[in-house]
Amino acid sequence: MPSEQPVSLPGILLLLCGILVILTPWYIFPVCEHYGNYVVTQTGMQLPMACGWTARAETGLGILLIVTGGILLARNSEETRRATGIFSAAIGVLVILTPTVLIGMCKAADHPCRLLTLPGLEIIGIVTIVIGGYLVWKREPDA
Amino acid sequence: MREYPLSGLFMLADRNLRNRPARTIAVAATFAVIAASLFSAQYLMSGARQSLDNGLNRMGADLMIVPAEYATSGEDALLTGRPTTFFFQDGGFETIADIPGVARASPELFIGTLYGQACCAGPIQLIAIDPAHDFTISSWLKENPSVIMGKDDIIVGSAIAGDIGSDLRFYGHTFHIAGRLDRTGLSGVDMAVFTRIEDAYTMADESGIKAARKLSIPKGMVSAVLVRVSPGSDPQTVSGEIMNRVPGTKAISRAGLSGTVSERLKTTASLLYGSALVVTAVTIPLLGCVAVLIASERRRETAILRGLGASQSFVRNLFITESVLLTLAGACTGIGTAALFLVAFGDFIAISLKIPFTMPPAGSILTSMGVALCLPVISGIIATLYPAVQVSRADPYTVIREAGI
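The listed protein sequences correspond, in order, to chains A and B.
For what it's worth, the numbering used here labels the leading residue of the first sequence as 16, then goes sequentially.
For what it's worth, the numbering used here labels the leading residue of the second sequence as -7, then goes sequentially.
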């Protein structure tokens, strides 16, 4: 008979964070290309601005977070909690570093990506790190 | 003298709170809302004041004299950085410089740039200065002797994109970024580009051929005159004298700008203070009722504690400690969350409310935190005090006998 596992709240929160990381740069606080702002090359080709590439990278990180949350929901053991905790904290750090250091956003301070998308992603990144830290720190008996 | 260890009191209070997670979270969330509202209102007010001070200190002027019909545009250009182009006869400039109480006067040209600049999402304010009279950029150049403002050189505000040494084009004319000002939070400074008046004239002359739209700057006309009053002179009196001697002008003063910012913040601050007040007013009696119910529900538990030797004061303090821990946890969560959002979305809030904004000084933040912490904690103590006293005074023998333990 399968054992009844309690649903992992951090697992659900990680799943939600993953969905938010994907939705924020495209729908909630969209990046500049949503407003029709592109880099135009001399040949007339339109390329995404830095914030557009960040949005694409964040989509990948969001998927990784969803998978992490899914793993925790599927198997809520002490070992899984610690492993997913470390992994999600690392993803949280990347969620913040991608728009600030690794790829960046547009340089102009009044662009929508700087005003809304960046702070939105930073807050989700911080929440993800906190959840990851909680998973590593908290000792719970195996379900 | 206290006859029990404080650690035991805190441990028991902490366990009691953990044993009732739903009630603990609900009450803490209410206090989080109160603390967050109070903290946000104070943070916004002091951030706006700090930013206005930073920006005006950077400009170094006590008054800005503009044509009366453009007073609102001039104020907006300073507070929000919204670009504007206007002029008045500079004959007034010579008169203003000679008025008693005026220590220095500096003419400026305000030119709104076109859309589609590499540096910014929208048009920005180009401010052309006269190096012979200027005291805004000149004082900054004195502080930064390595920067020299030569032909076609510009000094940009902190929010303008572009590296020092790189080029920016306005109306088809290429300028070189020579320096960058520190962030003040005042968009009129942070979102502005400073150039020399002669370079602005050259740009206007070339704009007919090089730019999508021709720029006309009437020679000998200025947009505004920045005035620094003599030590000991009252800016209010000096501004009255200027408006009398040069009809058709309006003086924008530090006090006037401060009043405009307060007016723009009034609705938001009232909403935040009002919601904190309403939630507090509803919470105190509600929490009082909840505390009475809980005290009644825990009569047996407290009677057993008394039976085991706990004093009346221990039982009373246990209830009060639970309340303090609960309100502190709620208030800290509220303040932390509010601070996170205010810091992250500070620029967006400033643009939406059309106010200057920067992070307030540490002392001001700590004061705001203190006030936002104290109100919930005091409310919690007031609401719990009566039931705590009542339950501590109950006779343990009677309670245990009635409960049939």
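Because the hints were derived from the structure by calculation, they are not lab data.
It cannot be assumed that every hint is accurate.
Unchecked claim - So the derived label-pair ranges between C-beta atoms look like this:
| id | chain 1 | residue 1 | chain 2 | residue 2 | range |
| --- | --- | --- | --- | --- | --- |
| 1 | A | Gly148 | B | Lys202 | 30 to 38 Å |
| 2 | A | Pro21 | B | Gly0 | 25 to 33 Å |
| 3 | B | Ser344 | A | Ile141 | 20 to 28 Å |
| 4 | B | Arg96 | A | Val145 | 49 to 57 Å |
| 5 | B | Gly164 | A | Met60 | 18 to 26 Å |
| 6 | B | Thr194 | A | Leu62 | 46 to 54 Å |
| 7 | B | Thr166 | A | Leu62 | 51 to 59 Å |
| 8 | B | Ser(-1) | A | Val145 | 22 to 30 Å |
| 9 | A | Leu62 | B | Arg96 | 43 to 51 Å |
| 10 | A | Pro63 | B | Ala95 | 46 to 54 Å |
| 11 | B | Val139 | A | Tyr50 | 29 to 37 Å |
| 12 | B | Leu269 | A | Pro21 | 38 to 46 Å |
| 13 | B | Glu255 | A | Glu94 | 43 to 51 Å |
Using N, Cα and C, we set each Cβ at its ideal position, and we do this for glycine too.
Quiz item: Does the Cβ distance between Ser(-1) (chain B) and Val145 (chain A) fall inside 22 to 30 Å?
Solution: 28 Å, holds
Quiz item: At the C-beta level, are Ser344 (chain B) and Ile141 (chain A) separated by a distance inside 20 to 28 Å?
Solution: 22 Å Cβ-Cβ, so the 20 to 28 Å window holds.
Quiz item: Does the Cβ distance between Thr194 (chain B) and Leu62 (chain A) fall inside 46 to 54 Å?
Solution: The hint (46 to 54 Å, Cβ to Cβ) is violated, given that Thr194 (chain B) and Leu62 (chain A) are roughly 34 Å apart.
Quiz item: Quick one: are Val139 (chain B) and Tyr50 (chain A) within 29 to 37 Å, going by C-beta?
Solution: Given range 29 to 37 Å: holds, Cβ gap about 35 Å.
Exercise. Mind checking the hinted window 30 to 38 Å against the Cβ distance between Gly148 (chain A) and Lys202 (chain B)?
Key: 56 Å, violated
Self-check item: 49 to 57 Å as the expected CB spacing between Val145 (chain A) and Arg96 (chain B), which holds or is violated
Solution: 53 Å, holds
Practice problem: Indicate whether the distance between the beta carbons of Pro63 (chain A) and Ala95 (chain B) respects the range 46 to 54 Å. | Solution: With Cβ atoms ~52 Å apart, the hint holds.
Quiz prompt | Pro21 (chain A) paired with Gly0 (chain B), Cβ distance criterion 25 to 33 Å | solution = Since Pro21 (chain A) and Gly0 (chain B) have Cβ atoms about 32 Å apart, the given range 25 to 33 Å holds.
Quiz item: When you take the CB atoms of Leu269 (chain B) and Pro21 (chain A), is the distance between them in 38 to 46 Å?
Solution: This hint holds: roughly 41 Å between Cβ atoms.
Quiz item: At the C-beta level, are Glu255 (chain B) and Glu94 (chain A) separated by a distance inside 43 to 51 Å?
Solution: 59 Å, violated
Self-check item: Distance restraint evaluation - Gly164 (chain B), Met60 (chain A), Cβ atoms, bounds 18 to 26 Å
Solution: 24 Å, holds
Quiz item: For the pair Leu62 (chain A) and Arg96 (chain B), does the Cβ-Cβ distance stay inside 43 to 51 Å?
Solution: Holds, since Leu62 (chain A) and Arg96 (chain B) (Cβ atoms, about 49 Å apart) stay within the stated range.
Hint compliance for this structure: hints 1, 6, 7, 13 are broken, all remaining hints hold.
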